[in-house]
Amino acid sequence: MQTIRGRLTAWYSVALALTLAAFAAVLYLDRRSASYQDLDRSIQSEASLTAGMLAESYRARGVLVRPDSAGHAVLIPDLSALLEAVPEFLVITARDGSLLFASSDARALTFQKVEQLRELASAPISGRASGTVQLGADGPTIRYAVHYVSDAGPQFGAILAGANVRSAEVGPAQLLSTFALILPLGLMAALLMGTWIANRALTAVDQIITEVREITDGRSLHRRLAVPVVKDELGRLVQTLNQMLTRLERNFAALRRFTADASHELKTPLTVLRAGVERAITTPGLAQETLVTLEETLQEIKRMAELVDALLMLARADEGIAPLHREPVDLRSIVTEVQETGELLAEEAGVTMEVATPAEPVIVSVDASRIRQLILNLVTNAVKYTPVGGSVRMQLGPANGRVALSVADTGIGIAPGDLPHIFDRFWRADSARTRTGERPGAGLGLAICKWIAEAHGGQIDVVSRPGRGTTFTVVLPSAQR
Amino acid sequence: MKILVVEDDKTVGQYVKRGLTEAGFHADLVGDGAEGLRLAAGGHYDILVLDLRLPALSGFDVLRTLRDRGDGMPVLVLTAQDAVDFKVQALKMGADDYVTKPFSLEELLARVEALGRRPKAIAPPVLHVADLTLDTGSREVRRGAKPIELTPKEYAVLEYLMRHHGRVMPRTLITEYAWDYHFDPGTNIVDVVITRLRKKIDHGHEPKLIHTVRGVGYVVKA
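Sequence order for the protein chains is A and B. Residue 1131 in our numbering is what sits at position 311 of the first sequence, and the numbering runs on without skipping anything. Residue 219 in our numbering is what sits at position 214 of the second sequence, and the numbering runs on without skipping anything.
Hint data in this document are derived by calculation from the structure and do not stem from the laboratory. The model shown is predicted, which means the values in this text are computed figures rather than measured ones. Among the clues, some could well be false.
[Said to hold, decoys possible] Which stretches of chain A does chain B cover? Using the computed rule of at least three CB atoms under 8 Å from a CB of chain B, they are: (1) 1079-1087; (2) 1099-1111; (3) 1117-1129; (4) 1158-1164.
Quick reminder that beta carbons are idealized off the backbone N, C-alpha and C, glycines included.
Chain B extracted, bound-state conformation (with noise of 0.2 Å):
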């Protein structure tokens, strides 16, 4: 899948492009506005990431004279501003889809996938390590054949790290995931989650899952 990046800061572009690429993607970085609507309008490309400010021809003018044009290729932006009239500014003037700077590598890459993929709507799949299996769909998590009980937090924070299985978690990443972006990632209520989430799940189980990091965060691995 090609991807066209239009990003006139360098180093964010650059992470963005290298992101992309070792996901898998083929991606292209070009820094002004009326580049990429050209390289866009050739119809190479599966998915344009715009940010929104960019010198000259804004984001708003490439997405605009891009829907004009009647071209429906998928739209991923990028914006700074957290303002909620920004992102329905966005999304009505046709971007499918947004994250908010600074973004997380991860968070961009589940959207850009989920644009790619997006006419298949393809069966959201179970997560499996060990014995241990979520279902994204029905949201059942099972130890063995046994059924978990999990409030929203702890499904949330579970399908985090299960997401990611084998890889140390910060807390931050964990906190801003499961929580609103405006939770203060100081407090301690990964950990007091993680301590409900071990009772429900390796309490009387082997081996146990969820391991820590300490000072770091945690990680699910067999």
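Chain A on its own, in the form it takes in the complex (with noise of 0.2 Å):
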């Protein structure tokens, strides 16, 4: 389960289970074991009462047994139909462990279970014993209790009283099922009352997750999340993530006046040469050399501007404060006004330079200075590193639903162990020596390409083999929604 609202409710549930079936079990465990308490207790009077009633009879009348017409002997009738209202198993035997009564219950059995029965009474005990025991091989399971009877005439023996353990086991089995019924109505509504208290609790987290995506998606860090009235964890939570936005405002607004900072300090200086020299360039009269020394320190202000701009783009686009003008454009028409700079480049190369725009307009959503910086950084390169006599091929078409440009050249290729840093800061191969020798740039061409290319939603990727050539593929996401 992914959500913690179905753990939430799962856990529950499986926790309320459980604590059922333990009360079940232990509910019925108690009650079984009374049962059986109550079912001894029953079997031990009725075996008292059985040897007071004979002892009282006894004293009473004297002898208690005479031989029936086959000669042996039995209880006197009028006791045994007295003894007939005793429940279920009674037996009494005589002192040599014949047979002297056995209730109906008794006699209904088979000869061996009354064999049995007869026997258990007529061990050599003396006082009482009890127990339980199964009458033949599939007859009733009983409990019983045996009084040795010694105040009733010296024929007596013992007296059997026993019951079936079913009648013990009825009630509990009963209670069992009644549980089987009721623990799934139990947990059905624990699922529900689960789901729904999990719904409460987490409803509230489902709005923090939006408010804080809101605040921090778009630029309104100085927006709080709402706090609730109750301080509980959700209340303590909400805390918590308005002192952290506190911290990330803190922090965003830090970086945006350093940005500011750097850029005027840095580039004040720069305005101060600039007009310097651009003023000395236009005096009139002045030496070739002292021209061309000014127009080369022109060229690094320029260059110095230029990086000072792509640091600190940079590191507003770290924190992701470096906002994008999108607007809907005809990719088409990006790639046409870079086409001719293309051209003028690959003609002073000797390269030579292909594009093919589809003819239906390719509309996206992007920054589109962004995109044209993008666009000519990937060119200059691609003209930069393919040797005179190559060939440089720039293509626009639809990629699976997106956008995709590719800058494709015949020039000297990457090494694949190189692959992997192209879109590293400040990264030049060792091995990468400009055709014309001029002096490279400072490396961070392809950082911002790949960030372009990711906070439109896109991505680069390069395929390249040393001395065959290099592909740079940007995707971008199209602008039909």
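Fit chain to chain and form the complex, with the hints in mind.
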């Protein structure tokens, strides 16, 4: 499950199910043991009641046993009629182990089972005994109690009272089936309740997420989250987030101030330099060497200013405060604009330049000046690293619902080991020597290209084979939405 | 035309003031925002050249106060920041135009002139050098009676040189004018354009109008 909501509900339900199950188990076992105790108590009292009755009758009447028609000793009829009232199993044995009486339930048993009971009752014991026994292999399991009869005449041995344990199992079993019915219902209710509670708790979190995203996505860092009245965990979370936003805002403001200060401090002297050089260069009658020096100085001033801009732009881009001024543009117009410059550069380098654009407009929502800078950078690089006789091809077209612009050259290529680094700042391949031997740039061009592509929600990729050429491909999101 | 320059860096301020004075404007220089605001509000000046970074009262504050008072005097902003949002912010606050440091004095003058004559909107001029004409309105170029087709960059370079005919224009300044600020001035692209222009303008014509000053730049003169 991907949401806290789901996990919370699941854990909650599992916990509740376990609690319910444990509760049912304890209740069942308790109830069962109580049933058995009741059963034991009732057979014990049956046995002692019978013993008491026998002793009482013996005192009143003396002989309680007479021989039956077959000559076996049995209980006198009126006494056995009385004992028929005792439920379930009642067996009375003579001192020699023979059966004096068996209740109707006992008489209904097979001979072996009755023998089993008789043997239990005639075990050579004195006092009392009790236990559980299964009669035969298929018979009922019974609890029994044996009382030795000592005060009802010399004929008597022992009394066995027994009861089927089924009667003790019925109650707990019913309880169990009731639980089996209630448990799923309870779980379902718990699941619903759990979802509801989690929803209630987490709707607030969802709202916080949306708000924070709005604040940090746009340029509205001055905004703060509404602090809930209740100072619970969410309240503290909101407060913490607000403190974090304050720090973020302060840091961004500091960086803005820094870039503004740095721009000013670095460019004001450049302005002075430039004004001086420009004034000097327009003075009539200057020697040729002086003019050349001044022109070179002017060039360096411009490079320097460009470097300051590039560095500060990347610094701002790192903090996400270098905004784009997007508007819908036909990319073909930017490509065509760059094309002339590309052709001029190519002509100077002895390289051919090809441009392929589609017939229909390629509308994208971009910062046109940044995209022009990006394309111009790629084309300038391509021409710079392509030897005389090579070619540079610029191609624009759709790519999987997006827009792809590629600049391919047949130049010196990039060594595979260098490929991962070419978008790094200030990176320059040791082997990269330009055709004209002109001074290389600061190594920020491709870093800026990468930022521009990514800031537009696009990407820039490179494929290169040393000695064969390099292809840069920029993919931008299409404007159609 | 009277121009007030508010710039805290004395050297930059002096250059701007001298440049404006030499171009025929009356220019005064002050170094802080409060003084600048006081003078600007006096109504004695036609144009305000305002540095955005000033101690105490910043250029933004001066601009905002002026506009809040309903003062519509043209304001040209000097900014060190290339960042587009900074310029957009300045324009939103009511600046009429801006130049980015390090600016060329010529660019500054061009913009001041544009601001000064904005209400009159005079027709764009036609430039002449010998029998070469360039109409900055229709962008038509002729050598004698013969119309010449130019690409956008060729046109930009030629226009720049003709505006300053007789003066040697450094390659760096030509590149800056015809290309984006972000274009590397180290390439020889201007030379390629000049070669093409020569073919179209000087080939088969006398006198030759485009001249090379080796290692420096080019000059258009008869």
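Going down the list of hints, with the structure as the test:
Counting residues of the stretch 1079-1087 of chain A whose CB lies closer than 8 Å to any CB of chain B gives 6, so the stated coverage by that chain holds, three being the minimum. Counting residues of the stretch 1099-1111 of chain A whose beta-carbon sits less than 8 Å from any beta-carbon of chain B gives 5, enough to reach three: the coverage restraint holds. Look at the stretch 1117-1129 of chain A against chain B: 8 of its residues bring a Cβ nearer than 8 Å to a Cβ of that chain, three or more, so the hint holds. Figure legend: the stretch 1158-1164 of chain A, annotated as covered by chain B; annotation consistent (3 residues with Cβ-Cβ distances under 8 Å, at least 3 required).
When held up to the earlier numbered hints, the structure conflicts with none and fits them all.
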